[in-house]
Amino acid sequence: MSSHNDQQDIWPEQPPSRKEMSRRQFLTYTLGGATAFMGAGTILPMVRFVVDPILHKKGAGDFIKVAEISKITEEPQEFTFELKQKDGWYDSTATLTAWIRKDAKGDIYALSPICKHLGCTVGWNNDKAHPDEYHCPCHGARYTKLGKNLEVAPKPLDQYKTKFDNGWVLLGDIVPNTVASEEA
Amino acid sequence: MFKNVYNWIDERLDVTPIWRDVADHEVPEHVNPAHHFSAFVYCFGGLTFFITVIQILSGMFLTMYYVPDIINAYASVEYLQSSVAFGQIVRGMHHWGASLVIVMMFLHTMRVFFTGSYKAPREMNWVVGMLIFFVMLGLGLTGYLLPWDNKAYFATKVTLEIANSVPVMGPVLKELMQGGTIVGAETLTRFFALHVFFLPAVLLSLLVGHFIMIRRQGISGPL
Chain A
1 MSSHNDQQDI WPEQPPSRKE MSRRQFLTYT LGGATAFMGA GTILPMVRFV VDPILHKKGA
61 GDFIKVAEIS KITEEPQEFT FELKQKDGWY DSTATLTAWI RKDAKGDIYA LSPICKHLGC
121 TVGWNNDKAH PDEYHCPCHG ARYTKLGKNL EVAPKPLDQY KTKFDNGWVL LGDIVPNTVA
181 SEEA
Chain B
1 MFKNVYNWID ERLDVTPIWR DVADHEVPEH VNPAHHFSAF VYCFGGLTFF ITVIQILSGM
61 FLTMYYVPDI INAYASVEYL QSSVAFGQIV RGMHHWGASL VIVMMFLHTM RVFFTGSYKA
121 PREMNWVVGM LIFFVMLGLG LTGYLLPWDN KAYFATKVTL EIANSVPVMG PVLKELMQGG
181 TIVGAETLTR FFALHVFFLP AVLLSLLVGH FIMIRRQGIS GPL
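Top to bottom, those sequences are chains A and B. In this text, residue positions in the first sequence follow full-length UniProt numbering: the first is 1, and each later residue adds one. In this text, residue positions in the second sequence follow full-length UniProt numbering: the first is 1, and each later residue adds one.
Take the hints with a grain of salt, since some may be wrong.
Subject to a maximum C-alpha distance of 27 Å in a straight line, what follows is the list of computed DSSO-like cross-link-like pairs (lysine-lysine) [unchecked claim]: (1) A:Lys155 to B:Lys3; (2) A:Lys84 to B:Lys151; (3) A:Lys58 to B:Lys174; (4) A:Lys58 to B:Lys157; (5) B:Lys157 to A:Lys155; (6) A:Lys161 to B:Lys151; (7) B:Lys151 to A:Lys155; (8) B:Lys157 to A:Lys145; (9) A:Lys84 to B:Lys157; (10) B:Lys174 to A:Lys148; (11) B:Lys151 to A:Lys86; (12) A:Lys161 to B:Lys174; (13) A:Lys148 to B:Lys157; (14) A:Lys57 to B:Lys174; (15) A:Lys84 to B:Lys174; (16) A:Lys57 to B:Lys157.
Calculated directly from the structure, the hints in this document are not laboratory data.
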């Protein structure tokens, strides 16, 4: 027993002369590396598989003829239009809605009716208590004519990109609101 | 006959200690409703598990008719509801059970809270219980979309908007959940996969942990 203790005491003064990797360590690294390689080979395809939809390139949307310029009034009007979309293995058409009006200067803009609170659909002038406002029936969010958020919603209503061609209003992608800030 | 079969197997595999260990244990007096009727509050956890088993069974049978595809999902649900014998019952079990499991789980949580059963040494089991709670909510959320009716569609849109409002991660999280830029075909298959494979697998492993901890730590003492 005492000889064992002696060995422990002198151990620090006699380090092993060779700094080679031990057989055990070599096996640990090899087996660990092989396991990691096989694990990664199993998991990586699945991870890439599941995140694929968010890595697809999003092309800019086409502009679609929605309304005749001559029919746009200062009072917002609801226009629906159809958009071709790819939904996985389905080609489908989505029916979108825009509230279009022109302001006093005659500038035309189109608001998206998707509430910026939680994505319900807002309507114009549909709440008797608050006339001439956009109102969301889900949680009572309200917006001005320009889409400025008055209550509940954290941001103003989004806008469609607009183009004008041959007397028609064309609508494109949905972008953050730029007109609401003009309102004092 | 049955006994002979059991003995034949038991001689070879020694199964008696296994089921004894699972099933044969004392229930303390203060949690036994036969002694104190008010002890029925200790049944809520077991009832939650009982309904969970019903959910798993009825859900397994529902997938024999259900198709997770935007064109056919609603039609398959309507068919199994209206044309398949007992379809209304089986889907009804799954539909109402989904709400009931949340109710039971809530009552169970209340019991654990008010009897102080979450205290040392049972803190880890409270945490696992909370994880089970969130997985259950996830099961409710993903199952809600599957009938692919208007209610399901818009409820999911709103839920994904909530996910979208998470700081920084929000938009990526939303797109990952909906499998693209719109709630559509890929959202339905994703939610279906989560609902029938991923979340139940997580749920069952958490339940195993929950139950092992109950057996290790015993039922907490009377108030």
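Results of checking the hints against the structure:
no.: 1; hint: A:Lys155 to B:Lys3; result: violated, 72 Å
no.: 2; hint: A:Lys84 to B:Lys151; result: holds, 24 Å
no.: 3; hint: A:Lys58 to B:Lys174; result: holds, 16 Å
no.: 4; hint: A:Lys58 to B:Lys157; result: holds, 20 Å
no.: 5; hint: B:Lys157 to A:Lys155; result: holds, 18 Å
no.: 6; hint: A:Lys161 to B:Lys151; result: violated, 30 Å
no.: 7; hint: B:Lys151 to A:Lys155; result: holds, 25 Å
no.: 8; hint: B:Lys157 to A:Lys145; result: holds, 25 Å
no.: 9; hint: A:Lys84 to B:Lys157; result: holds, 20 Å
no.: 10; hint: B:Lys174 to A:Lys148; result: holds, 25 Å
no.: 11; hint: B:Lys151 to A:Lys86; result: holds, 23 Å
no.: 12; hint: A:Lys161 to B:Lys174; result: holds, 23 Å
no.: 13; hint: A:Lys148 to B:Lys157; result: holds, 23 Å
no.: 14; hint: A:Lys57 to B:Lys174; result: holds, 16 Å
no.: 15; hint: A:Lys84 to B:Lys174; result: holds, 22 Å
no.: 16; hint: A:Lys57 to B:Lys157; result: holds, 22 Å
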